[in-house]
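Undergrad: As given, the protein sequences belong to chains A and B, one line each in that order. Counting in our numbering, the first sequence runs from 1 upward without gaps. Counting in our numbering, the second sequence runs from 1 upward without gaps.
A portion of the hints provided could be inaccurate.
Unchecked claim - Listed below are several chain B residues computed to face chain A (Cβ distance under 7 Å; list not exhaustive):
1. 9
2. 12
3. 13
4. 15
5. 17
6. 48
7. 50
8. 52
Claimed, not checked - Dumping the calculated EDC-like pairs for lysine to aspartate or glutamate here, alpha-carbon to alpha-carbon at most 16 Å:
9. 79/B to 153/A
10. 79/B to 87/A
11. 145/A to 131/A
Stated by the list, open to error - Rough simulated footprint, nothing fancy, chain B against chain A, three-plus residues with beta-carbon under 8 Å:
12. 147-155
13. 167-179
14. 302-313
Read the hints as simulated data drawn from the structure, not as lab findings. From a predicted model like this one, the values you see are computed outputs, not experimental measurements. Where is the CB? At the ideal position from N, CA and C, for every residue including glycine.
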Amino acid sequence: MTRGTHSPSHTCRIVPPYLLARIAEVDDPNWQHAAAAARASLLRDDPFRSIRAPEPHPHAPGVRTTTKPGAVANSPQRTVSTAAGVEKLPGKVVRREGDKPSSDVAVNEAYDGLGDTFELYWEAYHRSSIDGNGLPLNATVHYGKNYDNAFWDGERMVFGDGDGQVFNRFTIAVDVIGHELTHGVTEKTVGLQYEGQAGALNESISDVFGSLVAQYAKRQTAAQASWLIGEGLFTAEVQGVALRSMKAPGTAYDDDVLGKDPQPSHMSGYVETTDDNGGVHINSGIPNHAFYLAATAISGNAWERAGQIWYDTLLGGDVPSTATFAVFAAATVAAATARYGADDSATHDVDGAWRAVGVVPAG
Amino acid sequence: MKVVVTRSGGFAGMRVTWQVVIDNLPDASDWVVLLRELPWDEVADEEPQPDRFVYRIRLEPLADAEPPQAEREATLAEKQLTGPWRELVDKVQDADTPADPPAKPHPSHQHK
Numbered sequence: 001m002t003r004g005t006h007s008p009s010h011t012c013r014i015v016p017p018y019l020l021a022r023i024a025e026v027d028d029p030n031w032q033h034a035a036a037a038a039r040a041s042l043l044r045d046d047p048f049r050s051i052r053a054p055e056p057h058p059h060a061p062g063v064r065t066t067t068k069p070g071a072v073a074n075s076p077q078r079t080v081s082t083a084a085g086v087e088k089l090p091g092k093v094v095r096r097e098g099d100k101p102s103s104d105v106a107v108n109e110a111y112d113g114l115g116d117t118f119e120l121y122w123e124a125y126h127r128s129s130i131d132g133n134g135l136p137l138n139a140t141v142h143y144g145k146n147y148d149n150a151f152w153d154g155e156r157m158v159f160g161d162g163d164g165q166v167f168n169r170f171t172i173a174v175d176v177i178g179h180e181l182t183h184g185v186t187e188k189t190v191g192l193q194y195e196g197q198a199g200a201l202n203e204s205i206s207d208v209f210g211s212l213v214a215q216y217a218k219r220q221t222a223a224q225a226s227w228l229i230g231e232g233l234f235t236a237e238v239q240g241v242a243l244r245s246m247k248a249p250g251t252a253y254d255d256d257v258l259g260k261d262p263q264p265s266h267m268s269g270y271v272e273t274t275d276d277n278g279g280v281h282i283n284s285g286i287p288n289h290a291f292y293l294a295a296t297a298i299s300g301n302a303w304e305r306a307g308q309i310w311y312d313t314l315l316g317g318d319v320p321s322t323a324t325f326a327v328f329a330a331a332t333v334a335a336a337t338a339r340y341g342a343d344d345s346a347t348h349d350v351d352g353a354w355r356a357v358g359v360v361p362a363g
Numbered sequence: 001m002k003v004v005v006t007r008s009g010g011f012a013g014m015r016v017t018w019q020v021v022i023d024n025l026p027d028a029s030d031w032v033v034l035l036r037e038l039p040w041d042e043v044a045d046e047e048p049q050p051d052r053f054v055y056r057i058r059l060e061p062l063a064d065a066e067p068p069q070a071e072r073e074a075t076l077a078e079k080q081l082t083g084p085w086r087e088l089v090d091k092v093q094d095a096d097t098p099a100d101p102p103a104k105p106h107p108s109h110q111h112k
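My request is simple: use the sequences and hints to build the entire structure.
TA: As structure tokens, then:
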């Protein structure tokens with residue numbers, strides 16, 4: 001299993017030059033970060049210089065080159081495998097980085113979703129993969145039979161096909177892929193315990209960045225985004241649009257057989273339960289809604305200021321593995337203050353968002 | 001004796017329950033052997049993994065049973081659902097339709 005270290009002799013595929021060049025030329029203010037990152041990439045080290053001249057052909061294939069020691073990969077290194085219907089990992093490799101699309105839609109969705117997730121973290125936050133050091137991204141599709149789930153096992157993302165009656169295949173929604181990968185980011189940064197409030201924060205961070213992956217891929221502003229998690233996962237038989245709604249927790253589905261979306265949007269609805277490690281998928285509705293309120297108050301693209309504040313919070317060192325909502329909330333306000341200043345409207349918006357969901361930032 | 005399997009967690013965070021009363025089943029003695037062999041007291045604490053299922057397996061004594069039946073419960077991470085535990089869960093899922101709240105497909109189709 002390739003994990004953690006990035007070998008100096010490691011071969012990786014660089015972002016196709018035409019793509020870098022195109023991003024670097026974008027003038028749109030919504031694209032400032034990405035354009036700056038791409039321009040920096042075009043200028044930085046040898047591999048990029050070598051692809052800068054001569055003028056790249058707009059349809060040139062990606063250039064395979066060797067990363068210099070110490071350089072971080074600025075493009076993903078993906079491997080998608082299939083478990084072919086059994087519950088065994090990792091399965092058989094079916095698509096490697098740079099390979100042509102497969103005839104298998106789940107393989108391609110996983111591959112593209114890994115790419116979209118890498119792109120958000122790299123272009124918006126300059127983070128190279130899950131570990132910040134170009135960790136190869138591995139996924140296994142077709143796990144189990146009628147398997148109604150997707151998960152991150154510490155080394156790879158695993159996707160079931162769903163049962164076809166309630167759930168479609170779990171690769172269908174790109175935010176699910178972003179959600180799973182973000183569990184890896186959380187594990188390598190704040191390391192939040194997967195239980196109680198810390199567990200609900202762990203879940204919420206995955207929903208936040210999963211949603212941002214989808215928003216970034218669609219270039220949607222906070223006002224345009226659906227803020228739904230798992231849109232398209234339910235079959236047409238289910239009365240529901242998605243698994244969760246960050247905009248309106250508790251409203252994603254209301255089905256005569258499955259029941260109603262149980263997520264609260266406010267601390268007054270916090271659910272104490274011994275199921276699901278203390279209801280981590282239920283109570284995540286509260287911090288999810290806080291992020292939504294902050295991002296829409298700040299307005300514009302959610303991955304920019306709101307996403308940056310949440311990302312800074314993961315790296316800031318103020319979040320213990322046992323963090324409560326109030327402790328995490330305080331850390332987001334501190335992160336906003338550090339980046340934008342105490343008097344900036346974004347900092348006030350973040351503080352106000354937490355208070356609106358009944359969480360008073362601690363200390 | 002009622003055997004109750006509750007699965008919670010997963011990406012969807014939905015709870016599904018399957019149950020079966022074994023006393024009058026034609027293969028009741030097989031169930032009794034399987035239930036007796038389960039390592040009820042040897043389930044280690046497992047660090048929870050993101051988005052994985054959690055299984056709670058409970059034996060509920062029938063009030064009028066003679067001799068009285070023991071009540072037992074174990075909580076297992078998905079990774080721990082192997083060997084006789086997996087066999088039991090498969091058997092319960094096969095034997096009964098789900099309740100509370102049921103998934104639309106017969107969950108006995110799962111984990112095959």
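Undergrad: Tell me if the interface restraint on residue 50/B is satisfied: Cβ within less than 7 Å of some Cβ in chain A.
TA: Since chain A brings a Cβ to about 4 Å from residue 50/B, closer than 7 Å, the hint holds.
Undergrad: Against chain A, run the beta carbon of residue 48/B and see if the smallest gap drops under 7 Å.
TA: 4 Å, holds
Undergrad: Hinted pair, alpha-carbon criterion (16 Å max): residue 145/A, residue 131/A. Please report holds or violated.
TA: 31 Å, violated
Undergrad: Under 7 Å is the threshold here; is the Cβ of residue 17/B close enough to any Cβ of chain A for the hint to stand?
TA: 10 Å, violated
Undergrad: Taking only the CA atoms, is the gap from residue 79/B to residue 87/A under or equal to 16 Å?
TA: Holds - the C-alpha atoms of residue 87/A and residue 79/B are around 11 Å apart, at most 16 Å.
Undergrad: Quick check: do three or more residues in the stretch 147-155 of chain A have a beta carbon closer than 8 Å to a beta carbon of chain B?
TA: holds (count 8)
Undergrad: Need the status of pair residue 79/B, residue 153/A: alpha-carbon distance at most 16 Å?
TA: 10 Å, holds
Undergrad: Quick one, is the residue 15/B hint okay against chain A at 7 Å, beta carbons?
TA: Interface hint status for residue 15/B: holds (6 Å vs cutoff 7 Å).
Undergrad: Check, residue by residue, whether the stretch 167-179 of chain A contains three or more positions whose beta-carbon lies closer than 8 Å to a beta-carbon of chain B, and give the verdict.
TA: Since 4 is at least three, the answer is holds.
Undergrad: Verify the interface restraint on residue 12/B: the C-beta must sit less than 7 Å from at least one C-beta of chain A.
TA: 5 Å, holds
Undergrad: Check, residue by residue, whether the stretch 302-313 of chain A contains three or more positions whose beta-carbon lies closer than 8 Å to a beta-carbon of chain B, and give the verdict.
TA: That given contact is violated, which follows from only 0 residues of the stretch 302-313 of chain A lying within Cβ reach (below 8 Å) of chain B.
Undergrad: Against chain A, run the beta carbon of residue 13/B and see if the smallest gap drops under 7 Å.
TA: 2 Å, holds
Going down the numbered hints, you'll see the structure goes against 5, 11, 14, while the others check out.
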